[in-house]
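Okay, here's what each chain looks like letter by letter:
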Amino acid sequence: MNFVPKMNRRAFVIGSAAGGLALGFGLPKSALAAVGDRAQFGENLTSNELGIWVAIKPDDTVCIRIVRAEMGQGSQTGLAQLIAEELEADWSKVTTEYPTPADNVKRKRAWGNYNSSGSRAIRESHQYVREGGAAARLMLIQAAANEWKVPASECTASNSTITHAASGKTTTYGKVAEAAAKLPVPEKPALKNPKDWKIAGKPLKRLDTADKVVGKMMYSIDYTMPGMLSAAIKDCPVFGGKVKSFDAAKVSGMKGVKKVVQVDDKSVAVVADTWWQAKTALDALPIEWDKGSNEKVSSASIAKWLEEGLTAETKFVGNKAGDTAAAIAGAAKKVEAVYSYPYQNHACLEPMNATALYTADKCEVWTSSQNGEAAYAAAIAASGLHADKVDVHRLMLGTGFGRRTRSEYVTEAVLIAKQMPGTPIKLLKSREEDMTNGVYHPVTQCKLTGALDKDGNVTALQMRISGQSILAYARPEAMQAGADPATFQGLNPGGAEGAFGYDIPNLLIDHSMRNPHIPPWFWRGVNNNQNAIYLESFIDEMAHAAGQDPLAFRRKMMAKFPKHLGVLNAVAERVGWDKPAPQGVFRGICQHMGYGSYVAAAAEVSVSGNKVKMHRIVAATNPGHAVNPAQIERQIACSFVYGLSALFHGGITIKDGAVVETNFDTFGSIRMAEMPRVESIIMPTNDFWGGVGEPTIFVAAPAVLNAIFAATGKRYRTFPLKDQNLQIG
Amino acid sequence: MVRLNINGKDHDIDVDPNTPLLWAIRENVGLTGTKYGCGIAQCGACTVHVDGVATRSCSYPVSAAVNAKIVTIEGLAQNGVLHKVQKAWLEHDVPQCGYCQSGQIMAAVELLKNKPKPTDADIDREMTNICRCGTFQQIRAAIHAAANA
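One line per chain: the protein sequences are A and B, in this order.
Each residue of the first sequence is one higher than the last, beginning at 1 in our numbering.
Each residue of the second sequence is one higher than the last, beginning at 1 in our numbering.
It should be emphasised that the hints constitute simulated quantities derived from the structure, not laboratory data.
Keep in mind that the hints are not guaranteed to be accurate.
Unchecked claim - Capping the alpha-carbon separation at 20 Å, the derived lysine to aspartate or glutamate pairs in DMTMM-like fashion look like this: (1) Lys250(A) to Asp16(B); (2) Lys205(A) to Glu91(B); (3) Lys556(A) to Asp503(A).
Said to hold, decoys possible - Reference listing, derived: stretches of chain A covered by chain B, where coverage requires no fewer than 3 residues with Cβ under 8 Å from a Cβ of chain B: (4) 156–169; (5) 295–305; (6) 584–598; (7) 628–637; (8) 687–698.
Bear in mind that the values here come from a model prediction, so they are computed numbers and not experimental data.
For glycine and all other residues, C-beta sits at the position ideal for the given N, C-alpha and C.
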């Protein structure tokens, strides 16, 4: 397990540094009381605040506050669109700014949840941010009305300008902002009907592109400050192992080296003038490890253990209907298959890093995090300081994919900085360290048994999942009676987080938990990835056994699930399922639901020898509301790059208790030549709010796998496909 | 001391000659637009031009860059005017997280220098940098747009 630093009694007890609070982070009321009512502006926040979400400068600049993280997914722009829409702002004058986690505590967490995982940035904050924009608009109108001594109801606002039609008077937001900021903030203002949206719902360009094409965007790795030193870190290569000893004298004379430190019980760091010097010295540092009890664990031993779980007794049921045993016993035809899904690495292109400055009465951290409050909690715990003496400053993320909801790199940076008070320390993990001492998409296997009647109708389906629980490691407090409900993402009887979309009279989906020592974590799409592969591949297997068309076979079971069916029909129609595919080209289709959204895909592939050519992919999503169709289109297409990279090139293997793949030479990522052409269908029904950043990744792999089966007659059930000598052509 | 000419300016830096050019640029000169991704010339986030040739600077020693003209992403714009590739990247809203895009742009600039009107096959062959966000469709469109600018 991870090292958990001792905590100062005065510090808030808001979780361990082991990642338990990375999601669902909540500050207890006692913590808020300890900070008191010293509500104040954050040092960098613009004054003339109109509520908490908007501040306007005299020059009409609109400063919109964003607390969710931007890691490329576009939420910063989308959230700003929602607020600007209700504000009736001039979009060309919109900028964004970021209240720090400490700002949030000082305001009694008025800005709400900072967490940006689970595709939740917009779907879980749209209501209150839009109300924030609307309240600010009402305050600005009221201030102008007061100045003109006319009723506010006679004034209108548009494009950052307020007009009183009867008198012909106009003014701008910037001119009345100071007066407006002194007015009370209206509660629960009415919101616009999305059909009247002018800014939200439009395919606007991102707000943060200009700096990214000239090399000026400040990522966490780019942060620097006077007197800063750099640190390179090495963890025990076997998870659960510890540092036995190291010989600092061997490297302390090397150029630039300032200090060799033990960071915690499992890791050692070298601090030097530059990171390259630190890494060079660390590579030369003799370290003895106590590798612990996991040194003999391998991918094969893990697989064997999981295999036992496919038939073991378990009481943890995710979805149940009827009597599967009886239905299977009486089946005209029985179909069985076993699948497995490997560990995957997030492999964010920017390796994990953070800069920390610690003194006896203050600790500041500059980093990129998907959850600023989790990073803040980690800094509080590691520093041992009171929360109002700690803050975390946001910098741009070089991707997140779930990895940056974990804050161990903040903990480690602070633990190093504590050993050099007053000196800013930038901790950067090498690619190899990032890859081999991270956290991973969990490993599972699944045994599926299906029963068909004489007409080829599905009368029963059993899915036994065996394998690793993310929550048992990452959020033990979220476990239910010792079991992990997130295991069943996309297979649940209902609910926004992933509802099963087939009407099968006898159904049993259960889980035998087996947790190897490799730490699991949330990885874009999380458990939906393997659950969609298991279910949607097997539905195809049953269709084949029944001698029926995979689309027609699905449709028979989906009458009660119109939204699931809606996206499936959309991709079928666009790909031309009812017409023959081009010569030599074969199709696969699938659907899934999760993170509030309904998704489907159809793939067209040809297979020649061991080369799979993906000619065309059609993907559809119904995310409820489409806040920025241009950015949604990108998330759809690009989720296929991430998902298909994992399917073909990814997979993490374990040897001698440690991760084998250390870099992109062995853990591949799709490049330009392999990129499939993805056509997207965005079909919001405007009656709910679903996520965008993840959902379409669920259908990337199964659509292609079903198309490969159609092309070859071979069903692939273990991954990555490189291990089956199957490559992208 | 090693003298490097970066973006038309000489920098005398105190660095071991075996230091990868990437780290000299980032840490000794202080230009951070060039990124670290893998350290083994796999991902291309560190791509700079050395005497006009797109080079993965993480695996290129400083000693080999002495006397060379080095151009980084910060030196691509001339007299405050963006390079046509940068303009196309803006126009096509290419970056997502943006971390790889300095390297992608530097690779694209060299591609267009050698192949002013590249085909899709040329782009497939020459653009080999990794983008974990997956912006390849936008990169391809932007390269074609820059070629026609």
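Verification of the hints:
no.: 1; hint: Lys250(A) to Asp16(B); verdict: 19 Å, holds
no.: 2; hint: Lys205(A) to Glu91(B); verdict: 9 Å, holds
no.: 3; hint: Lys556(A) to Asp503(A); verdict: 9 Å, holds
no.: 4; hint: 156–169; verdict: violated (count 0)
no.: 5; hint: 295–305; verdict: violated (count 0)
no.: 6; hint: 584–598; verdict: violated (count 0)
no.: 7; hint: 628–637; verdict: holds (count 3)
no.: 8; hint: 687–698; verdict: violated (count 0)
Checked against the numbered hints above, the structure breaks hints 4, 5, 6 and 8 and satisfies the rest.
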